[in-house]
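Student: Chain residues, written in single-letter form:
There are 2 protein chains.
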Amino acid sequence: MFNNILIIGCGLIGSSILKASIQKKISKNFFVFEKSKKYRSIIKKFNKKIKFLTRLDKNLKQIDLVILSTPMSEYPKFFSSLNKNLNHNSIITDVGSTKKNLISLRKKLSKNLDWVMSHPISGSEVSGPKYGNANLFKNKWCIIIKDKNVLKQKKVERFWKSLGSKIIIMNPDDHDKIFSVTSHLPHLIAYNLIKTAQDFQKKKNKNLIKFSAGGLRDFSRIAASNEIMWRDIFFENKTNMIEAINLFMKNLKDFKKNISKKENSKIIKKLINSKVVRKQIISQKQDISKPDFGRE
Amino acid sequence: MFNNILIIGCGLIGSSILKASIQKKISKNFFVFEKSKKYRSIIKKFNKKIKFLTRLDKNLKQIDLVILSTPMSEYPKFFSSLNKNLNHNSIITDVGSTKKNLISLRKKLSKNLDWVMSHPISGSEVSGPKYGNANLFKNKWCIIIKDKNVLKQKKVERFWKSLGSKIIIMNPDDHDKIFSVTSHLPHLIAYNLIKTAQDFQKKKNKNLIKFSAGGLRDFSRIAASNEIMWRDIFFENKTNMIEAINLFMKNLKDFKKNISKKENSKIIKKLINSKVVRKQIISQKQDISKPDFGRE
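Chains A and B, in that order, are what the protein sequence lines are.
Residue 851 in the numbering used here sits at position 54 of the first sequence; the count goes up by one each step and never skips.
Residue 933 in the numbering used here sits at position 136 of the second sequence; the count goes up by one each step and never skips.
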């Protein structure tokens, strides 16, 4: 499919792409640009074929697919090297979690280069190549942003399909709106709940952590996700985030009123409604129906 | 340990107590009072020894342990029967998720009866005896409220220990405060997030559910929990809930400001801080460290 793939940034996602691409024989050669010595020493052990670039210079000429998989705030660092050295036939793609910001960023890239944007909906609370997982994208959505270069878009689609992803084409605006609610807001809420528990623990001098199995623990897992990645997402999807937070706060105020006034039928209606959503999520295969009694 | 145990209300928790008690041979006889015909027909299949009471009358004389495991709002229904018929040597216990309210309720119970309060920190998003699980309490906390009748308190402790629980003694005030943050607020937040996603879906006419794997799905599981049980908890722990919601909203407003003004160091500090809590939760064995890449 490709001759020379370059993965820039080889954390959880980058290293999972690398492992899956090697397994599926998607390229003849695999290049990695990764600044962390620790990460490089882990990646070296994956496969002897992997070649490490220490600089992004003339050696870029041979690359036919570049995958940006650093945190989004680092993408611009690579643009001048890409502009100078990348072959115009090659394709750039990325794994960033927001897209409207990247459309603006693209202006800084040479017009002769093609950047087909993608967003694999997969990940975990852990970071780094230590957790790299060849099956990370299997049966997961990968969102591709509709591109004017149809041929190159198709090639990026085939790339993700060969890693096991299911493809959906979206425009940047829809993408950022949808994921502000299905992913970005839930992460913010998880972080906020952990902060609230910490504040409460300090204020009341009680050990809460010990009793976190009743709900808090599930949020703590989500709130252990990479801080640079999530800072970038919250900042870059600012407008949608603020709209989502406002809607969440309005609903929380209503809930507070329901509790305060013991409004029985209103609260029961809401609690039952949640089950409808749960059923839809299971029927759309976004989760399994098997009950969770705690992970062991 | 006992001769005749009676479980009033045999949903997920009651049926799990029943299964575990039979397995551990905690009593000679096992009685169940359960109003749902559907539930009774499921429970019948557990074991031939189980006896069903259709009324709580003179047949209560023989019972030496009563376990209230209906939603808390139903407890008072049984008090007049218990007052009239229960032997003064026997013990009442319960599995309610809030305790200060039950201390008030106890006044309606005859002074000659002993109610040692307990709260096993275990459960799931599913309801009913279909999911009854003999291992539900294994290695989980069970909170026992300090009782004036030390002998009977010890007996209830032994009961839960024999089902596999680890025991902690608390006063009702501490109990309700701690669980308002570790359990009740997380559930409310999960319900509120699902409500917000529903509102957003309606408002923007976008299919969110399809893309819920990025965070929303984990909340939807928690928000599928039993509505009667959670209505009771929210209402009965009202004062602590409102304090917790207020603290949560204050923190969320701060987060919104951090995002809106792109306050980098402030937000990074919070996101890193969450990882500290996560590590404590794992080191205190409230969760496992194995990364979650989605349930399959």
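Don't read these hints as lab results, they were simulated from the structure.
Any given hint could be a false lead.
Which copy is meant is left open, so a pair is good if it fits within one copy or across any two.
As the list claims (entries may be wrong) - In silico BS3-like links for lysine-lysine, alpha-carbon gap of 30 Å or less: (1) Lys825 x Lys1035; (2) Lys1072 x Lys841; (3) Lys841 x Lys945; (4) Lys1066 x Lys825; (5) Lys1072 x Lys1007; (6) Lys951 x Lys848.
Student: All the hints need checking, so say for each whether the structure fits it.
Tutor: Okay, the hints, checked on the actual structure:
1. Lys825 x Lys1035: neither (40 Å within a copy, 63 Å between copies)
2. Lys1072 x Lys841: between (47 Å within a copy, 28 Å between copies)
3. Lys841 x Lys945: neither (37 Å within a copy, 65 Å between copies)
4. Lys1066 x Lys825: Neither, since 57 Å and 42 Å both go past 30 Å.
5. Lys1072 x Lys1007: Both ways: Lys1072 and Lys1007 sit 29 Å apart in one copy and 16 Å across, limit 30 Å.
6. Lys951 x Lys848: within (27 Å within a copy, 66 Å between copies)
The structure fails to meet hints 1, 3 and 4 from the earlier list, while all remaining hints are met.
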